[in-house]
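Here is what each chain is made of, one letter per residue.
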Amino acid sequence: DAGVTQSPTHLIKTRGQQVTLRCSPISGHKSVSWYQQVLGQGPQFIFQYYEKEERGRGNFPDRFSARQFPNYSSELNVNALLLGDSALYLCASSLIPLAPSYNEQFFGPGTRLTVL
Amino acid sequence: QKEVEQNSGPLSVPEGAIASLNCTYSDRGSQSFFWYRQYSGKSPELIMSIYSNGDKEDGRFTAQLNKASQYVSLLIRDSQPSDSATYLCAVNTGFQKLVFGTGTRLLVSP
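Heads up: the protein sequence lines correspond to chains A and B, in order.
The numbering used here numbers the first residue of the first sequence as 1 and each following residue consecutively.
The numbering used here numbers the first residue of the second sequence as 1001 and each following residue consecutively.
Cβ-Cβ distance ranges computed for the label pairs, FRET-style:
| id | chain 1 | residue 1 | chain 2 | residue 2 | range |
| --- | --- | --- | --- | --- | --- |
| 1 | B | Pro1010 | A | Leu116 | 29 to 35 Å |
| 2 | B | Ser1082 | A | Ile12 | 30 to 36 Å |
| 3 | A | Pro70 | B | Asn1007 | 43 to 49 Å |
Selected chain A positions facing chain B (Cβ under 7 Å, derived; list incomplete):
| id | residue |
| --- | --- |
| 4 | Ser33 |
| 5 | Gln41 |
| 6 | Gly42 |
| 7 | Pro43 |
| 8 | Phe45 |
| 9 | Gln48 |
| 10 | Arg55 |
| 11 | Gly56 |
| 12 | Leu90 |
| 13 | Tyr102 |
| 14 | Glu104 |
| 15 | Phe107 |
| 16 | Pro109 |
| 17 | Gly110 |
Hints were generated in silico from the structure; no laboratory data involved.
Glycine included, each C-beta is placed from N, C-alpha and C at the ideal position.
Build the full structure now, drawing on both the sequences and the hints.
As structure tokens, this is what we get:
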């Protein structure tokens, strides 16, 4: 079975531009979460979506937005890019059992975004 | 105080030894705990999850949880050079939000 897929793999943008990152979860998984990982740090939570609704948001500015589609795939959008947005953007998928706090999250390969 | 704390390392162990990785967390309400392995330039890979106090073993890996002390650890027995990576401790603080430590870099020398 295919794991979590993300596209593109790498992306180079300039300051002020906008970017859209895409994620397809593991087949059967209905929840997608987005994380940002800067060099030398652990991933930081950005958003969580389940059944097309935002269920959680991390401490990120409104320039960051996301959505989930009926097939459970997701997009992360970042507007007005800053140099500090350069990072590895990770998508994680999970099932949602009756006890969601116990849900394991599986990461995709990530999108490496460089802002010049 | 950081929500999840790990020693950044590097932790150096010889091949065949036991590697012990530690993590503390601040939110007493946390219910689930995870260890991820991340090779340089790659994404995190889930290796262990633990929800109850005590030990959980899976092959060469043992996760230990002590909720009273707010402490999670990962033991890697018979360490191999291929285990050299950064190990991330993650805590679920609510629904699907994982809070990660900064990771401990493990180096296993042949």
